[in-house]
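In order, the protein sequence lines correspond to chains Y and U. Just add 140 to the spot in the first sequence (first one is 1) and you have my numbering. Just add 19 to the spot in the second sequence (first one is 1) and you have my numbering.
For the record, the hints were derived by calculation from the structure and aren't laboratory data. These figures come from a predicted structure and were not determined experimentally. Heads up, a few of these hints could be off.
[Said to hold, decoys possible] To spell it out: a stretch of chain U is covered by chain Y in this simulated footprint if at least three of its residues, at any positions, have a beta carbon under 8 Å from a beta carbon of chain Y; those stretches are:
| id | segment |
| --- | --- |
| 1 | 85-94 |
| 2 | 114-127 |
| 3 | 141-154 |
| 4 | 162-171 |
| 5 | 183-193 |
| 6 | 257-266 |
| 7 | 269-275 |
[To be verified] Label-pair restraints from in silico Cβ distances:
| id | chain 1 | residue 1 | chain 2 | residue 2 | range |
| --- | --- | --- | --- | --- | --- |
| 8 | U | Ser58 | Y | Tyr147 | 19 to 25 Å |
| 9 | U | Glu293 | Y | Val273 | 18 to 24 Å |
| 10 | Y | Trp300 | U | Val22 | 30 to 36 Å |
| 11 | U | Val22 | Y | Met197 | 27 to 33 Å |
| 12 | U | Glu293 | Y | Cys185 | 44 to 50 Å |
| 13 | U | Ala264 | Y | Ser269 | 26 to 32 Å |
| 14 | Y | Asp206 | U | Ser58 | 50 to 56 Å |
| 15 | U | Ser58 | Y | Thr153 | 20 to 26 Å |
Using N, Cα and C, we set each Cβ at its ideal position, and we do this for glycine too.
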Amino acid sequence: MKNTLPYIITVVTAVIVLICTFFGVAPELAQELDQWSVVSGAVVCAFGLVNLTSVHMKTIKRKGEDWDLSIVLLVITYGYLILGLVKGPTNEIYSWIFNATAVPLGATFYALLAFYIVSAAYRAFRAKSRDAVILLIPAMIVLFGRAPLGEYLFPFFGEWTGWIMDIPAVAAMRAVLLGATLGALISAIRVLLGFDRPYATGGE
Amino acid sequence: MSVWEKLQNLDPRWFYYILLIVISIPIVKPWGLPIKIGSQSEAFHEAIEALNPNDVIFVVAGYRTDSIVEMDPQLAVLFRRALEKDVKVVVWGAVDEGAMVAQRVIEPIAEEMGAVYGVHWINLGYKPISDALLQKMIDDFPQAMAYTEMGGGRLDSYEITRDIRTVTQFDLIVCLTNVTPSPAQSILKMITIPKSVPLAVGTTAMCLPEEMPYYSSGHYIGLLGGLRGAAEYELLTGIAGSAIAAMDAQSAAHFLVIILIILGNLGYFFSKKEAKSR
């Protein structure tokens with residue numbers, strides 16, 4: 141039952157939506173299913189919160205590794221949630237907490253990439269083989285061409301960068317996208333036919 | 020140990036210090052280097068300029084705090100230009116932090132330009148993007164976007180959203196994204212292609228190759244790529260923002276990376292040669 145019921149729900153829903161979409165039959169039914177899907181998205185967020193609480197409560201009870209940090213996490217999560225529910229997302233304190241913590245932290249993590257790139261440029265980007273040289277040369281052209289200083293000193297790098305970005309990069313990306321799309325289509329058909337049942341793995 | 024071998028084993032902290040200095044110089048004293056405007060940014064600019072007063076655009080904030088350095092300048096100049104042209108802006112956070120991140124950028128600009136919330140602009144809050152939600156936006160926009168508006172009101176209580184029954188009523192969709200899978204590609208698949216609603220996209224330099232195929236195929240009518248794209252759009256609109264100022268620092272960082280790649284490779288070859296001769 142645990143495996144069969146989700147399978148039946150998946151197949152029935154998919155067949156209804158497919159028929160409604162391709163044959164224009166009972167559009168209200170497809171719309172209703174869409175609405176359920178949207179609401180389910182919100183429910184999933186709530187499940188995430190329940191799961192987070194359960195995992196960290198267990199850690200606190202067992203006094204497991206970093207249990208004190210679990211307390212901090214739960215206090216912050218529920219404190220911010222309650223503040224948002226009571227005062228709303230445009231409240232001054234609610235916005236201030238977000239702008240003073242999440243925003244600078246996110247920007248800092250992203251900025252750290254620059255330091256890693258600089259270190260990696262020196263240590264890892266080596267012309268050790270023919271393939272590495274093929275990667276290295278366009279990379280340096282694009283680095284020159286995307287920076288105003290490079291374009292200013294060597295104007296032809298701007299044109300070369302445009303060509304690299306417009307032709308080989310787009311061609312490679314199209315191939316990747318086509319491959320991924322075909323893969324997704326086959327994966328969807330497998331789920332629809334019940335060969336793959338990702339919803340019945342029980343979190344494994 | 021030779022000089023080249025010593026260079027190979029340099030403490031990485033030295034690179035961090037050099038980067039800090041190299042980036043700081045143009046920030047303190049900008050060089051004002053000329054920026055060449057690309058066709059993608061020009062197309063984006065033309066898409067916004069083609070809008071008429073009282074047109075409504077749907078701006079999808081599909082980026083988080085990690086990419087604010089590249090994405091905030093794009094949103095700021097877009098929002099400012101839209102208000103200048105009397106174009107109304109409806110914002111939606113398609114990813115968890117999207118609505119909050121957008122709010123902190125556009126609210127001060129709206130205040131500065133005297134734009135009224137609910138009349139000239141609105142932030143519909145966060146609702147996770149999915150194909151089902153996008154389909155619902157086509158079928159019944161108020162129901163799809165219910166309960167999440169930042170002010171906590173109903174969409175029919177605001178002048179800007181009162182008459183919007185479907186997402187196809189928007190004159191343009193602008194998706195600013197830095198996440199994978201890209202919200203822009205979902206919007207393209209669910210709304211732009213079947214319903215012919217024009218779509219322009221802004222993204223980070225890192226995600227630019229992922230979006231390029233859709234621009235070159237004509238599906239996106241404009242594309243801003245990273246900080247460079249924002250700087251080009253600032254130049255096109257004549258709105259001086261943070262992107263132009265940051266371009267010199269980006270140039271300096273790019274040059275440092277190039278120098279380090281050259282030095283690293285020289286060190287690698289010479290130390291290899293020395294090892295062979297020994």
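We went through each hint and held it up to the structure:
1. 85-94: Coverage by chain Y holds here, the residue count being 4 at a Cβ distance below 8 Å.
2. 114-127: holds (count 6)
3. 141-154: Result for this restraint: holds, n = 7.
4. 162-171: It holds: at least three residues are needed, and the segment 162-171 of chain U offers 5 whose Cβ sits within less than 8 Å of chain Y.
5. 183-193: violated (count 0)
6. 257-266: violated (count 1)
7. 269-275: Held - the segment 269-275 of chain U has 7 residues with a Cβ nearer than 8 Å to chain Y, which meets the minimum of three.
8. U:Ser58 to Y:Tyr147: 19 to 25 Å: violated, 50 Å
9. U:Glu293 to Y:Val273: 18 to 24 Å: holds, 21 Å
10. Y:Trp300 to U:Val22: 30 to 36 Å: holds, 33 Å
11. U:Val22 to Y:Met197: 27 to 33 Å: With a Cβ separation near 58 Å, U:Val22 and Y:Met197 fall outside 27 to 33 Å, so the hint is violated.
12. U:Glu293 to Y:Cys185: 44 to 50 Å: For U:Glu293 and Y:Cys185 the Cβ distance comes to about 59 Å; the hint is violated.
13. U:Ala264 to Y:Ser269: 26 to 32 Å: violated, 40 Å
14. Y:Asp206 to U:Ser58: 50 to 56 Å: holds, 52 Å
15. U:Ser58 to Y:Thr153: 20 to 26 Å: violated, 44 Å
Hint violations for this structure: numbers 5, 6, 8, 11, 12, 13 and 15, all remaining hints satisfied.
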